[in-house]
Amino acid sequence: KAGVTQTPRYLIKTRGQQVTLSCSPISGHRSVSWYQQTPGQGLQFLFEYFSETQRNKGNFPGRFSGRQFSNSRSEMNVSTLELGDSALYLCASSPDRFPYEQYFGPGTRLTVT
Amino acid sequence: DAKTTQPPSMDCAEGRAANLPCNHSTISGNEYVYWYRQIHSQGPQYIIHGLKNNETNEMASLIITEDRKSSTLILPHATLRDTAVYYCIVRASKTSYDKVIFGPGTSLSVIP
Numbered sequence: 001k002a003g004v005t006q007t008p009r010y011l012i013k014t015r016g017q018q019v020t021l022s023c024s025p026i027s028g029h030r031s032v033s034w035y036q037q038t039p040g041q042g043l044q045f046l047f048e049y050f051s052e053t054q055r056n057k058g059n060f061p062g063r064f065s066g067r068q069f070s071n072s073r074s075e076m077n078v079s080t081l082e083l084g085d086s087a088l089y090l091c092a093s094s095p096d097r098f099p100y101e102q103y104f105g106p107g108t109r110l111t112v113t
Numbered sequence: 114d115a116k117t118t119q120p121p122s123m124d125c126a127e128g129r130a131a132n133l134p135c136n137h138s139t140i141s142g143n144e145y146v147y148w149y150r151q152i153h154s155q156g157p158q159y160i161i162h163g164l165k166n167n168e169t170n171e172m173a174s175l176i177i178t179e180d181r182k183s184s185t186l187i188l189p190h191a192t193l194r195d196t197a198v199y200y201c202i203v204r205a206s207k208t209s210y211d212k213v214i215f216g217p218g219t220s221l222s223v224i225p
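Heads up: the protein sequence lines correspond to chains A and B, in order. Under this note's numbering, residues 1 to 113 are what the first sequence spells out, in order. Under this note's numbering, residues 114 to 225 are what the second sequence spells out, in order.
Careful: at least some of the hints might be erroneous.
[What the hints assert, rightly or not] Keeping only pairs whose Cα atoms sit at most 30 Å apart, straight-line, the calculated DSBU-like set for lysine-lysine is:
1) LYS212(B) x LYS116(B)
2) LYS13(A) x LYS165(B)
3) LYS57(A) x LYS182(B)
4) LYS182(B) x LYS165(B)
5) LYS182(B) x LYS116(B)
6) LYS212(B) x LYS57(A)
7) LYS165(B) x LYS212(B)
8) LYS13(A) x LYS212(B)
Since the hints were made in silico from the structure, they are not lab data.
Please take these sequences and the hints and turn them into a complete structure.
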C-alpha cells in the first residue's frame, strides 16, 4: 500500500498570506489527523477528521481550519499567516479498527517570512 | 498536557539493547500505551502498543509494569538507524477519535 502523501513538501509564504496544505491518507483509512511540529512546542495536535466530520480539535486559533473530502483526502488551511506559524505540518491517517495506530506522512515544511 | 514523562535523552552503544523508560502514573484502566519514533526530518513511525502484558513485534519489545504506571521500550540490538526521538503516549482503547498528545519524547543516540 502507498503511504500517506502530503503536498507540497516545502512552502515559503509571507506574513498575512494564507496557505492550503493537502494530505492523502492510506487507502481505506477514513481518519486523518493534523499536527504542527516546532522546535519549541514539539508535536501539537491540530484536529482530526473522520468521514468528512471534524471529531476533535486542539488548542489552535480559528485561523487554522481543515476539511475532509468524501475520498478521505484532507486539507488544512491557515489564514493570515504569522511568523510563528513556521513549522513542519504533519498529517496522519488511521484505520477504523483497534489499535487505531497512526501512519504519518513526511510533512510539509512551511516557512513564513 | 501529555500524560507521560520520559528522559529527554539517552545514549546506547551499537549492538547493545536500548531500554527507553516511560512513566504514566495517571493511566486509566482503558488506556493503552503506544510508542512511536521520529527519525530526523521524517514523520513519526508507529512501533508498538500494549495494555498490561508484555508485547513483542519485529521492531521492539514493550514491558509494562504490573501496576501499569510505567513501561519500557526495548530495542534488543540497537543500530545507528535507531537514532531517533522516541515518544510514549497513552490513549483510550475504545475510541479512535481521542486527542493524541505527544510529549517531548526521548532523543536516543546510538553510538558506534
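Structure-based check of all given hints:
1. Restraint check: the Cα-Cα separation between LYS212(B) and LYS116(B) comes to about 12 Å, which is no more than 30 Å; the hinted pair holds.
2. Distance restraint check for LYS13(A) and LYS165(B): the Cα-Cα separation of roughly 47 Å exceeds the 30 Å cut-off, and the hinted pair is therefore not satisfied.
3. A threshold of 30 Å between alpha carbons decides the hint, and for LYS57(A) with LYS182(B) the separation of about 28 Å falls inside it, so the pair holds.
4. Straight-line distance between C-alpha atoms of LYS182(B) and LYS165(B) comes to about 10 Å, which keeps the hinted pair within the 30 Å bound.
5. A hinted pair counts as satisfied when its Cα atoms are at most 30 Å apart, and LYS182(B) with LYS116(B) qualifies at roughly 11 Å.
6. Our distance criterion of 30 Å between C-alpha atoms is met by LYS212(B) and LYS57(A), whose separation comes to about 8 Å.
7. Pair hint LYS165(B) plus LYS212(B) holds up; C-alpha atoms about 21 Å apart against a cutoff of 30 Å.
8. Proximity of LYS13(A) to LYS212(B) is assessed by CA-CA distance (about 29 Å); at most 30 Å being required, the pair is judged to hold.
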